Every structure is written in C-alpha cells, then in structure tokens.
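Undergrad: Fit chains B and C to the given chain A structure using the hints.
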Amino acid sequence: MIAIALQNVTFSYPDQKPIFETVNLRLFGNQVITLLGPNGSGKSTFIKLCMGFLAPTAGDILFNGDLPVKKVPVHQIGNYVAYVPQSESFPYHLSVFDYVLLGRTGKNRLIQMPTASDTAVAEEILRKIGIETFAERSLQELSGGEQQLVAFARALAQQAPFLFLDEIAAELDLKNTLQVLRLIRDLAADHTIIFSTHDPQIAEAISDSVILFSPNSEVIIGQPKELLTSQMLTKLYEIPSGIIRENPIQINWL
Amino acid sequence: MQKYSLFLLLIVVAISLMAGCNPLTPNTGESTITITDALDREVTFSDLPERIVIAGRGTIIIVDALLAFPEGQQRLVAYAKTDQGKGSFTQVLLPALDTVFANDASAEEIASHQPDVVLLKTYMQELGNALDLLSIPVVYFSMETFEEYQNELLTMGTLLGDAQRAEVLAAYYADIVTEVEQKTQEIAEKPTVLFLYYSSRDGTVAFNVPPLQWAQSEMVRRAGGNLVWSSIPLENNWTIVNFEQVAAWNPDIIFLTAYFDNVDQIKQQLVDDPQWQALSAVDSGNIYAIPTAFYAWDQPHTRWGIAQLWYAQKINPQNYLDYDFHLLANDFYALFYGWSPDKYEQVIRPILQGDID
Amino acid sequence: MSQDSTKSSKTKGLLLLTALLAVIALLALFFGRYPSPGITNPFALATDPLGQSIIFNLRTPRVIAAILLGMALGGAGFIFQQSFSNPLVEPGFLGVSPGAAFGSALAILLFSGQFFLIQTFAIIFSLGGLVLSLLIARIIPDNNYKLNLVFSGIIVSALFSAGLGIIKYIADPLSQLPEITFWLLGGLWSAAWPRIIPIILPVMASFLVLLIFRWRINLMGLDDRVAFTSGFNVKKEKPLFLFFAVIGVALLTSIAGIVNWVGLIVPIISRTLFGGNARFTLPASMINGAIFVLICDTIARALFAGEVPLGVLSALLGSLSFLIVVIFRRRKAL
Chain A
1 MIAIALQNVT FSYPDQKPIF ETVNLRLFGN QVITLLGPNG SGKSTFIKLC
51 MGFLAPTAGD ILFNGDLPVK KVPVHQIGNY VAYVPQSESF PYHLSVFDYV
101 LLGRTGKNRL IQMPTASDTA VAEEILRKIG IETFAERSLQ ELSGGEQQLV
151 AFARALAQQA PFLFLDEIAA ELDLKNTLQV LRLIRDLAAD HTIIFSTHDP
201 QIAEAISDSV ILFSPNSEVI IGQPKELLTS QMLTKLYEIP SGIIRENPIQ
251 INWL
Chain B
1001 MQKYSLFLLL IVVAISLMAG CNPLTPNTGE STITITDALD REVTFSDLPE
1051 RIVIAGRGTI IIVDALLAFP EGQQRLVAYA KTDQGKGSFT QVLLPALDTV
1101 FANDASAEEI ASHQPDVVLL KTYMQELGNA LDLLSIPVVY FSMETFEEYQ
1151 NELLTMGTLL GDAQRAEVLA AYYADIVTEV EQKTQEIAEK PTVLFLYYSS
1201 RDGTVAFNVP PLQWAQSEMV RRAGGNLVWS SIPLENNWTI VNFEQVAAWN
1251 PDIIFLTAYF DNVDQIKQQL VDDPQWQALS AVDSGNIYAI PTAFYAWDQP
1301 HTRWGIAQLW YAQKINPQNY LDYDFHLLAN DFYALFYGWS PDKYEQVIRP
1351 ILQGDID
Chain C
2001 MSQDSTKSSK TKGLLLLTAL LAVIALLALF FGRYPSPGIT NPFALATDPL
2051 GQSIIFNLRT PRVIAAILLG MALGGAGFIF QQSFSNPLVE PGFLGVSPGA
2101 AFGSALAILL FSGQFFLIQT FAIIFSLGGL VLSLLIARII PDNNYKLNLV
2151 FSGIIVSALF SAGLGIIKYI ADPLSQLPEI TFWLLGGLWS AAWPRIIPII
2201 LPVMASFLVL LIFRWRINLM GLDDRVAFTS GFNVKKEKPL FLFFAVIGVA
2251 LLTSIAGIVN WVGLIVPIIS RTLFGGNARF TLPASMINGA IFVLICDTIA
2301 RALFAGEVPL GVLSALLGSL SFLIVVIFRR RKAL
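Protein sequences appear in the order of chains A, B and C. Mapping of the first sequence onto the numbering used here: residues 1 to 254, in sequence order. Mapping of the second sequence onto the numbering used here: residues 1001 to 1357, in sequence order. Mapping of the third sequence onto the numbering used here: residues 2001 to 2334, in sequence order.
The shape of chain A in the complex, shown without the other chains (with noise of 0.2 Å):
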C-alpha cells in the first residue's frame, strides 16, 4: 500500500524549540487529508518534512513503510510526491504548457525533451482543470486564481500518489475556491491529497480526515466529526469557535 509514515518524528530549526515532538502517524488511501490549523504551527513545515524536503531532526519518514524518504533518488521524489505551494515564483515568461510539462521532467531520463505521451498529459490535464485556452498564455500574464490553477495542473502533470497542497485557497476568492475545492474532491478519487487551510469550514467541507495543529506542538489525527468541535477548535484557535452542523444553511456549492 502506498503510504508516508511519520515514526517518531520530531523537528526543530537551528536554536529553535521544536515544532513536532515523536509524531507517529500514517498518510494513505484514496482521500483528503486537511491540516488544519492557525498561522505559524507548522503545517507548511510538516508537509515539507513529508515531501522529504526537510530531514527530521529525529525519527523517521518512510514511503511505503520502508523506503525512508532520505533514501529516495532525488531525481525520483517527483514519483512519489508533487506540490502545489501558497504562492511561488514562475519561470520567466514560460507558456503555461511548457510549465505544466515541466512537471512531467521526473518522468524522463536526465536529457530528455519532453515527449509526445509527455505532450498527450499535459493536454489532457489542462482539459481536465479547464484551462486548455490557457496554453500559450504567459505566466506572468495570468491573475493569482489563474495561476494557483495551472500550479495544479504542473503538480497533476507529474501523476504522483501524493498532492501536497500548501494553503493554495488562502488568497483566491470565492469562485476560484469553489473551483478548487471541487477540483480537489474529484482528484481524492485516485490520490491522496494533502491540503493544508486555516480555515475550519473549509476542512469541513471536502475533508475525509483531519489533522489538527495546534500551537502548543501537538499534532492530532482524526475524523473530521471528532475533531472538528466546538470544544477542539476552541483550544486550537483560542477563542471561542466552532462549526454548526444542526440545520445549516445549505449552500448546493460542492
């Protein structure tokens, strides 16, 4: 079974206190997991140690329950895990298909040109996300929701079991989010994504599990009835909160 298992994972910055202590928990199955919690507790940081960009300070981080991700060919990461970040700096006046097909880099040995199945992807994804007129247009062209959606469409392009998705709704408005997060139930039907928010309702909405962050370090798994409470996201966002389940008004958005 494919999976990233946390084993006793623990992690600091240089001098710093540690923002995980022996974390001890699995991602895996066709699913949305959310990571959820306030700015600053280290759910950007937890899904880079995931990645296997960042090394734990102890502990371990293993693929498959046995490949530890240190291990792993950096030239092959791409197989395993792709990323989609809160905002990231583009290639200078790249198509958006040259972009999407730089994802697909991982795929192809060192020297290679993209090739024609490489091109038949691409397509395909961007079909899929809908933005096919996109093709020609010029990164720096296009608005922060046009970009955060070809940013997916790279991170698709690369056909990995793992999405990681870094706060990308942070800064998109409403029908952009909509878009997004429909796109993300979809993608959950064959992929494990990884989808990190601040914001309670969101992780409501589309997720099948949840991990809580709170600011005191601890990490918490769960299913998103347990934990999404009033009393949880009280402690989490230290003021009162919590989600109304009984009669909600319903939005028919997803």
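These aren't lab readings, by the way, just hints derived from the structure by calculation. Since the model is a prediction, treat every value here as computed from it, not as a measurement. Careful, some of the hints might be misleading.
[What the hints assert, rightly or not] Straight line, CA to CA, 16 Å or less: simulated EDC-like cross-link-like pairs of lysine to aspartate or glutamate: (1) C:K2146 with C:D2223; (2) C:K2007 with A:D199; (3) C:K2168 with B:E1235; (4) B:K1081 with B:D1098; (5) A:K48 with C:E2237; (6) C:K2146 with C:D2048; (7) A:K128 with A:E141; (8) A:K71 with A:D60; (9) A:K225 with A:E204; (10) C:K2010 with A:E136; (11) A:K48 with A:D60; (12) C:K2235 with C:D2224; (13) B:K1086 with B:E1244; (14) B:K1190 with B:E1235; (15) A:K48 with C:D2004; (16) C:K2007 with A:E136; (17) A:K225 with A:E238; (18) A:K235 with A:D199.
TA: For chains B and C alone, kept in the frame of chain A given last:
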C-alpha cells in the same frame, strides 16, 4: 581504445603545431643584416628595409633619432602622432610626409602602410606580437638612458646601413656626458635639487616627481644634484607631492617642467605666490623653467644632451661660465638635422619657453 | 496541433539565426582596415601574402573569439535571468566579471606578458567571485535567497573593484596600466591563435553541456520546493549549471575583458522572439549573442584607425536595442 588514443594524439599534435607556429622563419639565403634590439631580440633582414614605420606610444624618441640619419628621413613612410600639443616637429623636418596615424592604431592599420620594418618602444610588445603574427619585422627601441642611446644609435645605424653616422651621433652624447661627469666630481657639496612636473589636467593642479630610474632623475643626478625626493616611496609613474612636502624639503634648486602648459607662466605664478616665496630656492632665484620648444627638453628625446648641460650649468654655474645655450642648441640642430642658424632662429627660437638665456 | 506548429516555427527560427550568423561571420572576415578601410577584395588576396596573413592570423581568431564571447554571454545571461526570475541580471553581477577583471589585472601586474597566467587567474577569481557571492548570500540572515544574492553580488563586485583600483594605482603607467585600462573596457584586440586555441575546447564543452541539459535548466527558474518535487536536486544542480554557464564567460573575459550589456539585453530580445522556454531560447540567446558581439567587434576594429573598446560599442548598441525592445514589445517579454 587504440584508435581513440591515436585520434587524441593527432588532435594534440595538430593543436601544438598551430599554437607553436612561429611565423618568423629564418632566412635560408645569406642574411645581410642581423641586429640585436633593445629587448635582446635578434632580427635579420636580407636587405636594408626601405619602408620604415614607427608606431605605438612614445614615438617621439624613436622618430627624432631616426630622422637624425639622412637615410631615416628618406625611408620613414608613416608614423604615429608625435605632436605633444605644441606642434609637430616631425612635420617641420618632413613637411611632405603626411601619413600620420593614431598612437593606438591596430596591427592591421599599420600593415596597410606596407612596412618593411616597424619600430616600437619596448613597452609596446602587445602590438609587436600582433605584427609578428603578420610576419612583419619589429625592432624595439628604448633610448631612455645614456647607455641605451650609445647602443641603440648603433643599432639604428646598422638598420639604415650608416654605421658611421651613428658613431658621430653617439660621440656627441659621449662627449657631453664625459664632460659633465668630470665636472660633477669636482663639486664639493652637492646642492639639494627638486624636479617638479606641474600638471593641470582635469582641472586639478598637481606637482609630480619622477621615479628615480627615469631619465629626468638620472640627468639631474649626473649634473651634480642631490635628489631630495629619493627618500619618499615612489611609484612607477609620476608621484604627486603636496606643497607641505616641498616646504619640508626646502631644496636649494627647483627645476620646473609643464608638458601641457606654458612653463614660463607657471613659473611666474609660483614666483608671485607668497607661499612659494618662502622657499629658499624661489627666494634666491634658483627656480628654473626647463626649456621647451616642440617638446619639453627634460624628456629623453635627441635634445637631452643640451638639457644635460643645462642642468649642469644651473647646479654648478662656475664650471659652465660663458655657455651660450642658444649656440649649443643651434649646434645641435645643425649636427643632427642639418639646419642653418637661420632655421633655428625662425622655427625654434620664437616658440622657446623656459630659462634659457 | 498548435504545440507542434509552435515547435517547428521556433526550430525554423533557430536555423535562420544560425544561417545569419554564418553569413555575418563570413562578411566580418573580409571587412577591416587593410589595405584600406572597408571591404577586402577576396580576389586581390590571391597575390597578397600580407593580406592573407591578416585574414588568417588576425581576423579569423578574432571572429571566432567574438562568436564564442557572444555565445557565452548570451547563454549565461539567459540562464542567470531564468535562475533568479529577474530579467535585469547579467552574468557579471554575481562577481563573475569583476572577479575576472581583478584576476587578470593582478596577473598583468605580477607576471606581465605571460598570457597563460592571466587566463588562469581570470578563471580562478571569476569562479571565486561566484562562490563568494553564493556563500555570502547564505550567510545573510534572511529567507529571501534571491534578494540576498543581489546584495552579495553588489558586495563582491565592490570588493573586486576596490582591489582593481589599487592595482591600477601600482601598475606601470607605460606598459601595464594602459593594458589594464583598455582591457577593462573590453576588447578582442589580443585574440590571436595562441590565446584562442587553449580555450576553444573547454568553452565548447561547457556550451555542449548547457545545451544538452537545456530542458532541465528550465527547472532552475522554479520555486525551490517545486523544483525539488520535480526531481531537481536544487542544492547540487543549481550551482553546477551556474558554474557551467560561468566557465565560458570567465575564459572569454580573460581574453576580452569586461563586455557589458550583451548578457543583459540579448536574452531579453531572445525571449521576445522565442518565449521563455530554454529549449529554444537558450540556443537562440547564444546565437543572438554571437551575432551581437560579432557586429560590435567588427565595428570596433574597423571604424577608426585605433581600436574602439568593445565595451563602449556593446553599451551603445545594447542600450539602443534595449530602448527599442522596451518601446515596441508586443508580447510582454520583459
């Protein structure tokens, strides 16, 4: 593997051949002339070069020496600018020759004058190397000291096929140097001397002293001067000194030159300046403007013989009473360039600046 | 499919540029100041050994050097601009050019005339400048690595400029100083076979590497984390590609001195024509650079009797081109 090594070997050989290619192939026939130039290079010619070109920087030294030979005047076909801002002496000597090019002309440009030989100063080796590549013979000259003049005048004579003339010219300098050195030995106490070059380029005024190894310092030393500026750290070029330093030295004699200004005017400015009046050299009237016509005479072009005597007279007047420098200059121009006294009066005398009377 | 047609039109564009370069190179060989300023009649050369010598010993190595210099600057400029997502950087800015300048001047001062040493020093200090810039950028306590690099580039350049000033102060004014000064304005006047031959192979090898990996070089412009998940080893590959880009620049700078503007403006123009994908624009930038420098250098050596410093012409033509590009850009290529 073997084919590969052989291939590599061929490449290495090809590259070495190209890199080591020496365009100066030795003459298979009998070489008529072999000379050793100022860089100790041996250059051979099968015939006397008929078309001589002088290029690069510092050309006035070589040009004035070459034109002291009648053959030189005939065979010079092109030269790099010799005008130092006061006119072209070369034009006076060769009014019909107007093939003058820039001091920074490229090898290609020089080649377009079809030279049989190119004469360069010793520090123009970059240009010389480029000319080597075109198989154009290059002869380097230095001619900044007495010894160099003795050797290189002879080299020039060989190059022109007139060793006799070279000896005449060399003897002229030898006589002067012998005389001055002898009289300098008789000086009991050498006066302290300061050599100053006044420059006002870029709008800022600067007083500069020359490095000890330059001709300017050498000639003053030979004339019996005790160089006050030998104690400070000097660069390889003119070193700027400020007035405080000059006042601290307070030399007995000051020699003043100004390549791009009127030296008489500059001297007058200093003499009128109360600060400078406090110096004993100025107070006692021992500040002298170095004579300048087309070129300031302190530079080591052909006139340095007169300059040497002139310094000697200022430093040690008793030994040079009745020396008439206009007469000496006259004799120089007659000997070197075949001038009549009239020509000196018409051409040089009117533009002559400096303390020469 | 539109992708294929874009690809083929860009490929045709590259072939056209290459042909243009070949034509200009041929013309340059027959243009100069011998026997008189202007075009050299090739038929007259048959009976003119001096003319033949000029073409073979002076002009040919020089044309080759100009082409290599242009390719190095165009290529490195493009890669730098991509890596730092900034169209206003050029290869010199990370201490590469000032380092090469300082190293060469130092060698001229210490071992005047020994060209092999001058080249070696140029390369050492040029790469040293790059390393120093990268190190300093890491030390600066701030997370914006790309901005840090700009700062460290300024620091390193200032350091080398100061060192250069000291060297100029000490240098012999008759032989060394004019050489140093002229060289700092850039010029290919010393590009003869003995200097060109040793560097042709390493320079072409570095070009080959960059061209072979040109798709991967696109990854250099990505966010570090994104690049990581695309399989790009940021810590190892980025410095490696930067070094390969810099090698050509360092080697050619040791011969040609500092030539500004080419590495800045040529990639920008190339992006206007070919887009931002290194697959086409890296070779385009290299060929455009070669054309640009070749034209500048031919003017530099033929316009007047004396050499016009190449840096002056590249600045002049470069700034004019920049102006035109900025005014008339159709795509937002900047």
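Undergrad: Now tell me if each hint is right for this structure.
TA: Evaluated hints:
Under the criterion of a C-alpha separation no larger than 16 Å, the hint pairing K2146 of chain C with D2223 of chain C is consistent with the structure, at around 11 Å. With a C-alpha separation of about 44 Å, the suggested pairing of K2007 of chain C with D199 of chain A is violated against the 16 Å cut-off. Taken as a hint, the K2168 of chain C and E1235 of chain B pair is honoured in the structure, with Cα atoms around 11 Å apart against an allowance of 16 Å. Of the supplied pair hints, the one linking K1081 of chain B and D1098 of chain B holds, its CA atoms being roughly 10 Å apart against a limit of 16 Å.
Using a Cα cut-off of 16 Å, the hinted pair K48 of chain A and E2237 of chain C is violated, with the two alpha carbons roughly 20 Å apart. Distance restraint check for K2146 of chain C and D2048 of chain C: the Cα-Cα separation of roughly 57 Å exceeds the 16 Å cut-off, and the hinted pair is therefore not satisfied. For the proposed pair K128 of chain A and E141 of chain A, the alpha carbon gap of about 21 Å is over 16 Å, so the pair is violated. Proposed proximity of K71 of chain A and D60 of chain A is supported: the alpha carbons are some 11 Å apart, at most 16 Å.
With a CA separation close to 9 Å, the supplied pair K225 of chain A and E204 of chain A stays within the 16 Å bound. Simply put, K2010 of chain C and E136 of chain A have alpha-carbon atoms about 14 Å apart, close enough for the 16 Å limit, and the pair holds. The straight-line distance between the Cα atoms of K48 of chain A and D60 of chain A is roughly 14 Å, inside the 16 Å bound, and the hint therefore holds. Among the hinted pairs, K2235 of chain C with D2224 of chain C is consistent with the structure: their alpha-carbon atoms are about 9 Å apart, no more than 16 Å.
Restraint check for K1086 of chain B and E1244 of chain B: the C-alpha separation of about 32 Å exceeds 16 Å, so the hint is violated. At roughly 25 Å between alpha-carbon atoms, K1190 of chain B and E1235 of chain B are farther apart than 16 Å, so this suggested pair is violated. With a C-alpha separation of about 37 Å, the suggested pairing of K48 of chain A with D2004 of chain C is violated against the 16 Å cut-off. Between K2007 of chain C and E136 of chain A the alpha-carbon distance is near 12 Å, which keeps this suggested pair within the 16 Å criterion.
Between K225 of chain A and E238 of chain A the alpha-carbon distance is near 20 Å, which puts this suggested pair outside the 16 Å criterion. For the suggested pair K235 of chain A and D199 of chain A, the alpha carbons sit about 15 Å apart, so the restraint of at most 16 Å is met.
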